[in-house]
Amino acid sequence: DTAVSQTPKYLVTQMGNDKSIKCEQNLGHDTMYWYKQDSKKFLKIMFSYNNKELIINETVPNRFSPKSPDKAHLNLHINSLELGDSAVYFCASSQEPGTSNEQFFGPGTRLTVL
Amino acid sequence: QKEVEQDPGPLSVPEGAIVSLNCTYSNSAFQYFMWYRQYSRKGPELLMYTYSSGNKEDGRFTAQVDKSSKYISLFIRDSQPSDSATYLCAMSANVGAQKLVFGQGTRLTINP
Numbered sequence: 005d006t007a008v009s010q011t012p013k014y015l016v017t018q019m020g021n022d023k024s025i026k027c028e029q030n031l032g033h034d035t036m037y038w039y040k041q042d043s044k045k046f047l048k049i050m051f052s053y054n055n056k057e058l059i060i061n062e063t064v065p066n067r068f069s070p071k072s073p074d075k076a077h078l079n080l081h082i083n084s085l086e087l088g089d090s091a092v093y094f095c096a097s098s099q100e101p102g103t104s105n106e107q108f109f110g111p112g113t114r115l116t117v118l
Numbered sequence: 653q654k655e656v657e658q659d660p661g662p663l664s665v666p667e668g669a670i671v672s673l674n675c676t677y678s679n680s681a682f683q684y685f686m687w688y689r690q691y692s693r694k695g696p697e698l699l700m701y702t703y704s705s706g707n708k709e710d711g712r713f714t715a716q717v718d719k720s721s722k723y724i725s726l727f728i729r730d731s732q733p734s735d736s737a738t739y740l741c742a743m744s745a746n747v748g749a750q751k752l753v754f755g756q757g758t759r760l761t762i763n764p
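Just so you know, the sequences run in chain order A and B.
Counting from 1, position 58 in the first sequence corresponds to residue 62 in this note's numbering; the numbering is continuous, with no gaps.
Counting from 1, position 37 in the second sequence corresponds to residue 689 in this note's numbering; the numbering is continuous, with no gaps.
Chain A on its own, in the form it takes in the complex:
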């Protein structure tokens, strides 16, 4: 019954590694997002996809690459991980633009880069 799910929940890795986080939503939404929440709880949008098309691409290092194989999935791949990438990454989804501002968030992936 989980609406927005993410895997893994925790990710601990060494600097320089490449890792991926997966997100799936079963709400039938057209739009999905990736957010980064830093240690001070500041939540900032990174990317947004609508029907597999990239809509928002904030000022994010190009080591971060989102991929949407279909509108129910949005994955985040991170190359050459750095210490500053340590944060909680949230996936979210919402209805078609123009209908609602409500975004439904997943449980988060806590990434720790050592």
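Just so you know, these hints were derived from the structure itself, not from any lab.
Predicted model, so just to flag it, every value in this text is computed and none were measured.
We put the CB at the ideal spot given by N, CA and C, even for glycine.
Among these hints, one or two may not hold up.
[What the hints assert, rightly or not] Beta-carbon label-pair distances, calculated as ranges:
1. A:Glu-100 <-> B:Tyr-703: 14 to 24 Å
2. B:Leu-698 <-> A:Asn-61: 17 to 27 Å
3. B:Leu-698 <-> A:Asp-42: 20 to 30 Å
4. B:Pro-666 <-> A:Leu-87: 38 to 48 Å
5. B:Ser-721 <-> A:Glu-86: 34 to 44 Å
Once you have looked at the hints, place chain B on chain A.
Here is chain B on its own, set in the frame of chain A:
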């Protein structure tokens, strides 16, 4: 200066108290204002949603928007320990706009 400013707290009050949480913003294009609640180790969930200026009430929660002052508030009456969470304000310029701008969040603890 951030687009949305929110005092991160922490804020600690006794059970039953009235809680006031606030955000200020600089972008006059914002028209849609939200409050999200985030429990520890969980994702944020929408609590209140208002459009333009005015008040909106839902149970023990009241959201106020003053666009002339670029100031929004969330009031919690008869606060309960289960209200202990981080409260994030969020705003956007258009309905369904995909870019929500969040405040830093205020960490609230209600003491029994």
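Item to check | C-beta pair Pro-666 of chain B, Leu-87 of chain A: status relative to the range 38 to 48 Å that was hinted | outcome: 40 Å, holds
Item to check | Cβ distance range 17 to 27 Å for Leu-698 of chain B and Asn-61 of chain A, holds or violated | outcome: This hint holds: roughly 24 Å between Cβ atoms.
Checklist entry - If you check the beta carbons of Leu-698 of chain B and Asp-42 of chain A, does the distance land in 20 to 30 Å? => result Holds: the Cβ-Cβ distance is about 21 Å, inside 20 to 30 Å.
Checklist entry - Could one say that the CB atoms of Glu-100 of chain A and Tyr-703 of chain B fall in the range 14 to 24 Å? => result Since the Cβ atoms of Glu-100 of chain A and Tyr-703 of chain B sit about 18 Å apart, the hinted range of 14 to 24 Å holds.
Checklist entry - So does Ser-721 of chain B sit 34 to 44 Å from Glu-86 of chain A, Cβ to Cβ? => result Between Ser-721 of chain B and Glu-86 of chain A, where Cβ atoms are some 40 Å apart, the hint holds.
The structure fails none of the hints (numbered hints given earlier).
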